[in-house]
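Chemist: Listed below, chain by chain, are the residues.
Protein chains: 2
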Amino acid sequence: MGRKERTLMSYTPEIKVMDCTLRDGGLVNNFFFDDEFVKDLYEANIRSGVDYMEFGYKASKELFDVKKFGKWKFCDDKDIRAVVGDNKTDMKISVMADVGRCDFKKDIINKKDSPIDLYRIATYINTIPAAVEMIEDCAKKGYETTVNIMAISKSNELDIDAALELLGQSSVGCIYLVDSYGSLYPEQVSRLSDKYLEVADKYGKKVGIHAHNNQQLAFANTIEALRRGVSYLDATVSSLGRGCGNCPSELLLGFLKNPKYRINPLLKFIEKHIVPMKESGVVWGYDVPYLLTGILNQHPKTAIQFTRDGRKDYNDFYLELLDNF
Amino acid sequence: MGRKERTLMSYTPEIKVMDCTLRDGGLVNNFFFDDEFVKDLYEANIRSGVDYMEFGYKASKELFDVKKFGKWKFCDDKDIRAVVGDNKTDMKISVMADVGRCDFKKDIINKKDSPIDLYRIATYINTIPAAVEMIEDCAKKGYETTVNIMAISKSNELDIDAALELLGQSSVGCIYLVDSYGSLYPEQVSRLSDKYLEVADKYGKKVGIHAHNNQQLAFANTIEALRRGVSYLDATVSSLGRGCGNCPSELLLGFLKNPKYRINPLLKFIEKHIVPMKESGVVWGYDVPYLLTGILNQHPKTAIQFTRDGRKDYNDFYLELLDNF
Numbered sequence: 002m003g004r005k006e007r008t009l010m011s012y013t014p015e016i017k018v019m020d021c022t023l024r025d026g027g028l029v030n031n032f033f034f035d036d037e038f039v040k041d042l043y044e045a046n047i048r049s050g051v052d053y054m055e056f057g058y059k060a061s062k063e064l065f066d067v068k069k070f071g072k073w074k075f076c077d078d079k080d081i082r083a084v085v086g087d088n089k090t091d092m093k094i095s096v097m098a099d100v101g102r103c104d105f106k107k108d109i110i111n112k113k114d115s116p117i118d119l120y121r122i123a124t125y126i127n128t129i130p131a132a133v134e135m136i137e138d139c140a141k142k143g144y145e146t147t148v149n150i151m152a153i154s155k156s157n158e159l160d161i162d163a164a165l166e167l168l169g170q171s172s173v174g175c176i177y178l179v180d181s182y183g184s185l186y187p188e189q190v191s192r193l194s195d196k197y198l199e200v201a202d203k204y205g206k207k208v209g210i211h212a213h214n215n216q217q218l219a220f221a222n223t224i225e226a227l228r229r230g231v232s233y234l235d236a237t238v239s240s241l242g243r244g245c246g247n248c249p250s251e252l253l254l255g256f257l258k259n260p261k262y263r264i265n266p267l268l269k270f271i272e273k274h275i276v277p278m279k280e281s282g283v284v285w286g287y288d289v290p291y292l293l294t295g296i297l298n299q300h301p302k303t304a305i306q307f308t309r310d311g312r313k314d315y316n317d318f319y320l321e322l323l324d325n326f
Numbered sequence: 002m003g004r005k006e007r008t009l010m011s012y013t014p015e016i017k018v019m020d021c022t023l024r025d026g027g028l029v030n031n032f033f034f035d036d037e038f039v040k041d042l043y044e045a046n047i048r049s050g051v052d053y054m055e056f057g058y059k060a061s062k063e064l065f066d067v068k069k070f071g072k073w074k075f076c077d078d079k080d081i082r083a084v085v086g087d088n089k090t091d092m093k094i095s096v097m098a099d100v101g102r103c104d105f106k107k108d109i110i111n112k113k114d115s116p117i118d119l120y121r122i123a124t125y126i127n128t129i130p131a132a133v134e135m136i137e138d139c140a141k142k143g144y145e146t147t148v149n150i151m152a153i154s155k156s157n158e159l160d161i162d163a164a165l166e167l168l169g170q171s172s173v174g175c176i177y178l179v180d181s182y183g184s185l186y187p188e189q190v191s192r193l194s195d196k197y198l199e200v201a202d203k204y205g206k207k208v209g210i211h212a213h214n215n216q217q218l219a220f221a222n223t224i225e226a227l228r229r230g231v232s233y234l235d236a237t238v239s240s241l242g243r244g245c246g247n248c249p250s251e252l253l254l255g256f257l258k259n260p261k262y263r264i265n266p267l268l269k270f271i272e273k274h275i276v277p278m279k280e281s282g283v284v285w286g287y288d289v290p291y292l293l294t295g296i297l298n299q300h301p302k303t304a305i306q307f308t309r310d311g312r313k314d315y316n317d318f319y320l321e322l323l324d325n326f
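Read top to bottom, the protein sequences are chains A and B. No gaps in the numbering here: position 191 of the first sequence is 192 in our numbering, and each next residue is one more. No gaps in the numbering here: position 178 of the second sequence is 179 in our numbering, and each next residue is one more.
Hints were generated in silico from the structure; no laboratory data involved. Glycine included, each C-beta is placed from N, C-alpha and C at the ideal position. Just so you know, not all the hints are guaranteed correct.
To be verified - List of simulated lysine-lysine pairs, DSS-like, C-alpha gap at most 25 Å:
{"hint": "1", "chain 1": "B", "residue 1": "K302", "chain 2": "A", "residue 2": "K155"}
{"hint": "2", "chain 1": "A", "residue 1": "K269", "chain 2": "B", "residue 2": "K258"}
{"hint": "3", "chain 1": "A", "residue 1": "K89", "chain 2": "A", "residue 2": "K17"}
{"hint": "4", "chain 1": "A", "residue 1": "K273", "chain 2": "B", "residue 2": "K313"}
{"hint": "5", "chain 1": "A", "residue 1": "K69", "chain 2": "A", "residue 2": "K279"}
{"hint": "6", "chain 1": "A", "residue 1": "K40", "chain 2": "B", "residue 2": "K313"}
{"hint": "7", "chain 1": "A", "residue 1": "K279", "chain 2": "B", "residue 2": "K40"}
{"hint": "8", "chain 1": "B", "residue 1": "K155", "chain 2": "B", "residue 2": "K62"}
{"hint": "9", "chain 1": "A", "residue 1": "K258", "chain 2": "B", "residue 2": "K93"}
{"hint": "10", "chain 1": "A", "residue 1": "K313", "chain 2": "B", "residue 2": "K155"}
{"hint": "11", "chain 1": "B", "residue 1": "K142", "chain 2": "A", "residue 2": "K269"}
{"hint": "12", "chain 1": "A", "residue 1": "K313", "chain 2": "B", "residue 2": "K107"}
{"hint": "13", "chain 1": "A", "residue 1": "K93", "chain 2": "A", "residue 2": "K72"}
As the list claims (entries may be wrong) - Footprint (simulated), chain B over chain A, 3 or more residues, beta carbon under 8 Å:
{"hint": "14", "stretch": "23-29"}
{"hint": "15", "stretch": "71-85"}
{"hint": "16", "stretch": "123-135"}
{"hint": "17", "stretch": "181-188"}
So that you can see chain A by itself, here it is in the shape it has in the complex (with noise of 0.2 Å):
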């Protein structure tokens, strides 16, 4: 591929720091963000130079509930603009939207009547057809795309390379690595980046990572994934994220070496939000029970009930997850 590898002094302007912190936030308080939280989360993630920063999901309002979930669930336009206005700021604005899950052709409409920028289409290996079709959707609509696939440490390894094909083939624009298991180790990680990179590399596309810290490796498998080339690099503040979280942007924002990027803005919002955030008993982040299903690779939805159910059996709670392998 003649693609070099970047070094710790590298500085590497095409990276894209992507805050996640109410997308992947909102599954730990069901999007419940009061306005202030995201208001400032906005102005924290603008002064320190994240370049995409994602509101939440586009959730079909057939499909769920809109009494049940805050408003970042479904992410009406009108509710963005509120917060960002015209978003004059060199910062653009992401939303996931799920397969299967999004009324796409109905609720995003077209770019040059919304604050949006970018969909990000969330997919499973089964579905990339319906992902493709939704990626065109919003690309002639106007929107910037981009695809995670997801759980892909349970996919078998003819089917990922096949994905990546059809998905080099479409208009997205990014493919994302996601270990949504935090199985991955760094190695894993180094080996997967270098076959989507060959892939994006040949249609002109570009690789991102969202990392998950079931075994405290979400930082280092995101850096190591930037060492072979993927660019784009998913954080949120604290970590703040279904379970045990994902790359925290304060540890992220602080090894890059783009002059751009800073962290005492976060560091000002961690104080005022997340500490107050975590004194009010929401949970989240790295603990034992999500160790386990990062070790068995599984998802990690025991491991959230074991911990809502306030168990600290970790030693019984492996032995009903090895009975489940």
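Mind docking chain B on chain A? Use the hints.
Modeler: Just chain B, lined up with the frame of chain A:
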């Protein structure tokens, strides 16, 4: 060197896992562990396949007030024997001795009369000759020895080379790569591992790694070093250790493919001892202030004080650190 890089599926018989829970964890609670904690940890380590268990420091009773510390600051042979008897197990017993803080000539008796198998000499780069004196004294008395060169992230590269040469020519069995400030990234650990291994191979010695978790990289750095050929791996249960703590034993043993290692006994130990310890208000582990000293390659003492003071003004703290850069 002809060294073959290890892979994820490798089973590497020469790996030695060193449990430092009492020694590094003692820096959190001044070594006041109750006897049941120590006895249960000893049993859990044996059942988990841990190779060495470090009981604490052999600190000088002339320099340190025995009333201000628990007994594991001093590690009298009789106190170890009260836990391990004659230690008729496969797990060896280790104690750390700091250069300049240990009356080694008087306090370290001959191996044949002691339950201790290994002395780990801890030194800064400017006291290597004193470290060598201690190594030779311990070796002559019949002990295995290892050496930790601390704070190398602040050291001149040529000084590290000179230190490694001196230690290579000593009787020491293993030289530790130590990330005292948790400032090293995996690619730096990779390069330093190669440097240490080159000298170690030349002189027939092993290399170890002792990582800190300031940037959530303790585990990632440990397995990166392992991949390069490092074989002595330090860990503590649930990261228990000064400030942000260490590489968690449960992550490390969950990763290693050597069939002798298992995590169930550690999970039971965590349930019984670590959960109540945390609930009682003992504080350690990754947090923002440790990240900040790690990024800046500074001693964690300011972050420890910040945490003790219950401060949450992370941005002000960061500005203070920059003033002392």
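Chemist: The structure should be examined with respect to each hint, and the outcome stated for every one.
Modeler: To see whether the hints hold, each was checked on the structure:
1. K302/B / K155/A: Measuring from Cα to Cα gives roughly 43 Å; hence the hint is violated.
2. K269/A / K258/B: Distance of about 42 Å is beyond 25 Å: violated.
3. K89/A / K17/A: 18 Å, holds
4. K273/A / K313/B: Distance ~9 Å between K273/A and K313/B Cα, so the pair holds.
5. K69/A / K279/A: 22 Å, holds
6. K40/A / K313/B: Between K40/A and K313/B the Cα gap is close to 21 Å, so the pair holds against 25 Å.
7. K279/A / K40/B: 34 Å, violated
8. K155/B / K62/B: 30 Å, violated
9. K258/A / K93/B: 44 Å, violated
10. K313/A / K155/B: 40 Å, violated
11. K142/B / K269/A: It is violated: about 55 Å lies between the C-alpha atoms, which goes past 25 Å.
12. K313/A / K107/B: Violated, at roughly 45 Å.
13. K93/A / K72/A: 20 Å, holds
14. 23-29: Contact hint for the stretch 23-29 of chain A vs chain B: violated, 0 residues under 8 Å.
15. 71-85: It is violated: at least three residues are needed, and the stretch 71-85 of chain A offers just 0 whose Cβ sits closer than 8 Å to chain B.
16. 123-135: With 0 residues close enough to chain B, the hint is violated.
17. 181-188: holds (count 3)
Hint compliance for this structure: hints 1, 2, 7, 8, 9, 10, 11, 12, 14, 15 and 16 are not met, and every other hint is.
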